[in-house]
Amino acid sequence: MPSTAASGVVAIGWLQLAFASGFIVVSGAVSLALGLGVTRDLWVASLRTYAQLLALGFVLRWVFRNDTPLVVLAILVVMLVAATSIILRRSPDAPAGLFGSTLLAMALTGVTITFAVTGLVVGVQPWWHAQYVIPIGGMVIGNSMSGIALALERVFADLDARHAEVLSLAALGATPWEAARPSVRTALRAGMIPGINTLAAVGIVFIPGMMAGQILAGTDPLVAAPYQIVVMLMVATADILGSVAAVLLSYPRRFSAEGVYLERGRR
Amino acid sequence: MLLEARDLSATRTTESGTHVVLDGVDLGVEAGTLTDVVGPSGSGKTTLLLALARLLPGATGVLELDGVAAERIPPQRWRRDVALLPQVPALVPGSVGDNLLLPWRLRVRSHETPPSAEVLARALADVGLADVGLERDPSRLSVGQIARVALLRVLLTRPRVLLADEPDAALDDVSAAQVTRMTEAFVAEGGAVVRVRHLRLDERADRRFRLEGGKLSEVADA
Numbered sequence: 001m002p003s004t005a006a007s008g009v010v011a012i013g014w015l016q017l018a019f020a021s022g023f024i025v026v027s028g029a030v031s032l033a034l035g036l037g038v039t040r041d042l043w044v045a046s047l048r049t050y051a052q053l054l055a056l057g058f059v060l061r062w063v064f065r066n067d068t069p070l071v072v073l074a075i076l077v078v079m080l081v082a083a084t085s086i087i088l089r090r091s092p093d094a095p096a097g098l099f100g101s102t103l104l105a106m107a108l109t110g111v112t113i114t115f116a117v118t119g120l121v122v123g124v125q126p127w128w129h130a131q132y133v134i135p136i137g138g139m140v141i142g143n144s145m146s147g148i149a150l151a152l153e154r155v156f157a158d159l160d161a162r163h164a165e166v167l168s169l170a171a172l173g174a175t176p177w178e179a180a181r182p183s184v185r186t187a188l189r190a191g192m193i194p195g196i197n198t199l200a201a202v203g204i205v206f207i208p209g210m211m212a213g214q215i216l217a218g219t220d221p222l223v224a225a226p227y228q229i230v231v232m233l234m235v236a237t238a239d240i241l242g243s244v245a246a247v248l249l250s251y252p253r254r255f256s257a258e259g260v261y262l263e264r265g266r267r
Numbered sequence: 001m002l003l004e005a006r007d008l009s010a011t012r013t014t015e016s017g018t019h020v021v022l023d024g025v026d027l028g029v030e031a032g033t034l035t036d037v038v039g040p041s042g043s044g045k046t047t048l049l050l051a052l053a054r055l056l057p058g059a060t061g062v063l064e065l066d067g068v069a070a071e072r073i074p075p076q077r078w079r080r081d082v083a084l085l086p087q088v089p090a091l092v093p094g095s096v097g098d099n100l101l102l103p104w105r106l107r108v109r110s111h112e113t114p115p116s117a118e119v120l121a122r123a124l125a126d127v128g129l130a131d132v133g134l135e136r137d138p139s140r141l142s143v144g145q146i147a148r149v150a151l152l153r154v155l156l157t158r159p160r161v162l163l164a165d166e167p168d169a170a171l172d173d174v175s176a177a178q179v180t181r182m183t184e185a186f187v188a189e190g191g192a193v194v195r196v197r198h199l200r201l202d203e204r205a206d207r208r209f210r211l212e213g214g215k216l217s218e219v220a221d222a
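In order, the protein sequences belong to chains Z and B. Residue 145 in the numbering used here is what sits at position 145 of the first sequence, and the numbering runs on without skipping anything. Residue 210 in the numbering used here is what sits at position 210 of the second sequence, and the numbering runs on without skipping anything.
Keep in mind that a hint or two might mislead.
Pair ranges (Cβ atoms, derived) [said to hold, decoys possible]:
| hint | chain 1 | residue 1 | chain 2 | residue 2 | range |
| --- | --- | --- | --- | --- | --- |
| 1 | B | Glu15 | Z | Val44 | 28 to 38 Å |
| 2 | Z | Gly142 | B | Glu212 | 37 to 47 Å |
| 3 | B | Arg158 | Z | Gly142 | 34 to 44 Å |
| 4 | Z | Pro135 | B | Pro114 | 30 to 40 Å |
| 5 | B | Val119 | Z | Val230 | 52 to 62 Å |
| 6 | Z | Ala161 | B | Pro114 | 27 to 37 Å |
Please keep in mind that the hints were generated in silico from the structure rather than gathered at the bench. Please read these numbers as outputs of a predicted model, since none were measured by experiment. Glycine residues also receive a C-beta, built at the ideal position from the N, C-alpha and C atoms.
Use the sequences and the hints to build the structure in full.
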């Protein structure tokens, strides 16, 4: 039987975890029977979920007990570096050497917005309190990562698709910005639309994770809702500003010093 | 000399290694002249035009416009005066009119007054595109019409040198003749044209060159 923790939360034991795993075993068996070729990936991903979230639980427990600005900052840096690596892996067409500019874009928007939420909106005391900064920072960085990855992937794919138009524009005297602007616009729209759709659907199509977690932990839904509104708006802002910063900092690397688009074979 | 290139060299790197495409090419172009460069496919004709337009990263050599070294002229200003018409010219989404006015939406011509709708309509009519009109969606144009709109877009900016990459290749006879007339009219008004073609020498050209093995050699007779 599940036990009830002191906070009123129903704690899940190893037996319940094993029972939940049964569902993924069923999914794996179906995948195997249909020959979908993803069974191994499903097992590995499920095992990673176990390992990563339990490890996160241990790390956060340690962090909350050793709550110092340096520890919080170190955790945010690890999140940003990991998010940047994932973004660049998802953008195979992106030129090399984008790690610094993408990390900068993520850091500027992610860290600024995280501390704006915790310090100015929630009014956390002290301002670096790990229990607030790390979960909110994780949501802001993690969610904006998808939009930034999509925008970066799209800008370089679109520039390649428009290479003849880009050459024609450059031949007419266009600057790299003038030649790349349609691709930048396409990429930023692509990066923003999922976030806008999420804002429109939240509360009707799905209950977001943070609000669901707070409700499960016994929080009054009318207390949980404003928290979620703040987080959703901040995530959308980080997504939009992060995408803008990442794309604007990265697209010039596809142009030479003389403003020439570097087509495939000339990179 | 209006446009001068000295010792122009460029390489191309492929899976099989690095190949010399331009090997110390010298070329001088005077105002009011038509220069033809011919050569087989892959001989570097397009590369030569890209280098002259300063659109070829990694090209080396000396380029001068009116005796002024290229290094002293910003690349966008250079391309305003030395305009390339790519082999596959691309029109941007919008209308034919949008495309003809596109050069004046660029910073390099922001201080210049764009041609009026009347001027554009007359220019279209002059090149046999009166029936196309300024409002037509470029995606509904034929290959020959696209080629003429793209050439007109460049010529309306009144460049000093036009670098035309196979301007009449893959065009029907009517469109090809129209493109040739437009090019010759530009030369007659004092413009200089460097035109590359596959293997067809034109006796009307003032100077004719052959590009082969990265070397440019002048042809005495067509």
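Hint check results:
1. Glu15/B with Val44/Z: 28 to 38 Å: 35 Å, holds
2. Gly142/Z with Glu212/B: 37 to 47 Å: Violated, since Gly142/Z and Glu212/B (Cβ atoms, about 58 Å apart) do not stay within the stated range.
3. Arg158/B with Gly142/Z: 34 to 44 Å: Violated, since Arg158/B and Gly142/Z (Cβ atoms, about 54 Å apart) do not stay within the stated range.
4. Pro135/Z with Pro114/B: 30 to 40 Å: 55 Å, violated
5. Val119/B with Val230/Z: 52 to 62 Å: 56 Å, holds
6. Ala161/Z with Pro114/B: 27 to 37 Å: Hint holds: Cβ distance 28 Å, inside 27 to 37 Å.
Hint compliance for this structure: hints 2, 3, 4 are broken, all remaining hints hold.
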